[in-house]
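With chain A held as given, fit chain B onto it using these hints.
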Amino acid sequence: MNENTTTTGTGTTRVKRGMAEMLKGGVIMDVVTPEQAKIAEDAGAVAVMALERVPADIRAQGGVSRMSDPDMIDGIINTVSIPVMAKARIGHFVEAQVLQSLGVDYIDESEVLTPADYANHIDKWAFTVPFVCGATNLGEALRRITEGAAMIRSKGEAGTGDVSNATTHMRQIRQEIRRLQNLPEDELYVAAKELQAPYDLVKEVAEAGKLPVVLFTAGGIATPADAAMMMQLGAEGVFVGSGIFKSGNPAQRAEAIVKATTFYDDPDVIAKVSRGLGEAMVGLNVDEIPQPHRLAERGW
Amino acid sequence: MSGMPVIGVLAVQGDVREHVRALESAGAATRAIRRPRELEEIDGLVIPGGESTVMDKLVRAFELRDPLVTAIRDGLPVYGSCAGMIMLADRITDGTSDQQTLGGLDITVRRNAFGRQVDSYEEDLHIRQLGPQPVRAVFIRAPWVEQWGSEVEVLASVRPLGREHPVAVRQGNLLATSFHPEVTGDHRFHSHFVATVRGTVVA
Numbered sequence: 001m002n003e004n005t006t007t008t009g010t011g012t013t014r015v016k017r018g019m020a021e022m023l024k025g026g027v028i029m030d031v032v033t034p035e036q037a038k039i040a041e042d043a044g045a046v047a048v049m050a051l052e053r054v055p056a057d058i059r060a061q062g063g064v065s066r067m068s069d070p071d072m073i074d075g076i077i078n079t080v081s082i083p084v085m086a087k088a089r090i091g092h093f094v095e096a097q098v099l100q101s102l103g104v105d106y107i108d109e110s111e112v113l114t115p116a117d118y119a120n121h122i123d124k125w126a127f128t129v130p131f132v133c134g135a136t137n138l139g140e141a142l143r144r145i146t147e148g149a150a151m152i153r154s155k156g157e158a159g160t161g162d163v164s165n166a167t168t169h170m171r172q173i174r175q176e177i178r179r180l181q182n183l184p185e186d187e188l189y190v191a192a193k194e195l196q197a198p199y200d201l202v203k204e205v206a207e208a209g210k211l212p213v214v215l216f217t218a219g220g221i222a223t224p225a226d227a228a229m230m231m232q233l234g235a236e237g238v239f240v241g242s243g244i245f246k247s248g249n250p251a252q253r254a255e256a257i258v259k260a261t262t263f264y265d266d267p268d269v270i271a272k273v274s275r276g277l278g279e280a281m282v283g284l285n286v287d288e289i290p291q292p293h294r295l296a297e298r299g300w
Numbered sequence: 001m002s003g004m005p006v007i008g009v010l011a012v013q014g015d016v017r018e019h020v021r022a023l024e025s026a027g028a029a030t031r032a033i034r035r036p037r038e039l040e041e042i043d044g045l046v047i048p049g050g051e052s053t054v055m056d057k058l059v060r061a062f063e064l065r066d067p068l069v070t071a072i073r074d075g076l077p078v079y080g081s082c083a084g085m086i087m088l089a090d091r092i093t094d095g096t097s098d099q100q101t102l103g104g105l106d107i108t109v110r111r112n113a114f115g116r117q118v119d120s121y122e123e124d125l126h127i128r129q130l131g132p133q134p135v136r137a138v139f140i141r142a143p144w145v146e147q148w149g150s151e152v153e154v155l156a157s158v159r160p161l162g163r164e165h166p167v168a169v170r171q172g173n174l175l176a177t178s179f180h181p182e183v184t185g186d187h188r189f190h191s192h193f194v195a196t197v198r199g200t201v202v203a
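Those protein sequences? They're chains A and B, same order as listed. Just so we're aligned: 288 in full-length UniProt numbering is position 288 of the first sequence, and the numbers increase by one with no gaps anywhere. Just so we're aligned: 27 in full-length UniProt numbering is position 27 of the second sequence, and the numbers increase by one with no gaps anywhere.
Just to be clear, a hint being listed does not mean it is correct.
[Unchecked claim] Each pair of labels, with its calculated beta carbon distance range:
#, chain 1, residue 1, chain 2, residue 2, range
1, B, Gly3, A, Tyr189, 40 to 50 Å
2, B, Gln133, A, Gly209, 26 to 36 Å
3, B, Pro132, A, Gln232, 45 to 55 Å
4, B, Arg21, A, Asn137, 21 to 31 Å
5, B, Arg163, A, Gln196, 49 to 59 Å
6, A, Asn285, B, Ala195, 52 to 62 Å
7, B, Ala32, A, Trp300, 29 to 39 Å
8, A, Thr114, B, Thr200, 51 to 61 Å
9, A, Thr33, B, Ser150, 43 to 53 Å
Hints listed in this document are in silico derivations from the structure and should not be mistaken for laboratory results. The C-beta atom is built at its ideal place from N, Cα and C for all residues, glycine as well.
Chain A with its partners taken away, still in its complex shape (with noise of 0.2 Å):
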């Protein structure tokens, strides 16, 4: 455990990372409407994600891209009773701030928003709200958990529905840890060293095996079949963002993707929940998005 550790009371660490726990296996989704937060919830989302556009219009429409209007993320903790989760840009903590106020229960400080610090993430240990960052690799995890994230994602490239990326992350991440479970003690020290990430946490992982915190995945996930593969991959549970509101028909799909994330390694299953979903997303490939584009590239 951190050294920042509390251990009474409201805004524990224990309290933030068991949030997260909670969440396992289950699925989160991006909504823009207190509508389609209630047909995320009937469809069995673990979770909803307030946002005012989703990734695939930020990325359409451009411009910056900021914290939602309070009375939307209102509108939405009226009118479900599973967890709501919103947005805040890298590094504004006030947006951070704002969003606590409101009551939201976990504060994703997302690279999908325009960030609004370039050297900077937020102190998370200073709120009581816990927070999910996004992270392409180990290093950067391990520099969001000591900043006092309470859960990670992989980042993948949001808004494509394209799921390459997200497969890159998630195997990096773990080829990483698997690679620390296999060193000796004596070059933990440079393998921190060179993961830029504190000794204390990099010796936890490689002895846990895993992070010290919740990894989930997000960025591209589109289908039943790629939840279903990012959990084989190792991801404990999925964030899914423009991928069921800009399909042909979201209440199905989202269901859809909820069984396939339970029975991810169940092929059957995958199978018949993936009959007659209709349209999926239009895909984006990453590799055609020019460089500065790439929103997994914003946070360090």
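For chain B alone, kept in the frame of chain A given last:
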């Protein structure tokens, strides 16, 4: 009984791994339960923490609900934490419109009774049946018991504004807590439950 009791953990969603670890430390073998036929192999069941609305939908969609209801009625020992307590409650307030429970415990639960995640907290509770050391109770968007029948034994309660709300209850072979002993490393609840399972297997 000879050998280890086999305890299933309902594995449709939630903190399955933490319960598996706690049960194995308490001397049980475990099985993940997602299909009706898997219920045949087990002597007891844990319903983990998670999102009760999701568990309800998935046990119905995958035809686990009726076999679970029957098994509970026939005396299968079951321990539920948080969402698991909701699943074991006969009645629920503040559920979603179509939410069902498995039932078995003569209680009415209130979902998210303590508030939102910023109100989630931990504290020490004294539970006589588990010995003099307090239990660290971690409440995460937790439910509590609003009303309970005479058959229900209350193991621990909270008293916000002076009104008693049970957070750990027992009735026959069923045990439920609003909080999550599985995330604390203190396995006394799981040991207590494993002992219950051993008792029923002997009998």
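The hints, checked one at a time:
1. B:Gly3 x A:Tyr189: 40 to 50 Å: holds (46 Å)
2. B:Gln133 x A:Gly209: 26 to 36 Å: Given range 26 to 36 Å: holds, Cβ gap about 30 Å.
3. B:Pro132 x A:Gln232: 45 to 55 Å: holds (46 Å)
4. B:Arg21 x A:Asn137: 21 to 31 Å: Roughly 27 Å apart at Cβ, these two residues keep to the hinted range, so it holds.
5. B:Arg163 x A:Gln196: 49 to 59 Å: holds (51 Å)
6. A:Asn285 x B:Ala195: 52 to 62 Å: This hint holds: roughly 58 Å between Cβ atoms.
7. B:Ala32 x A:Trp300: 29 to 39 Å: holds (38 Å)
8. A:Thr114 x B:Thr200: 51 to 61 Å: For Thr200 of chain B against Thr114 of chain A, whose Cβ atoms are near 59 Å apart, the range 51 to 61 Å holds.
9. A:Thr33 x B:Ser150: 43 to 53 Å: With Cβ atoms ~47 Å apart, the hint holds.
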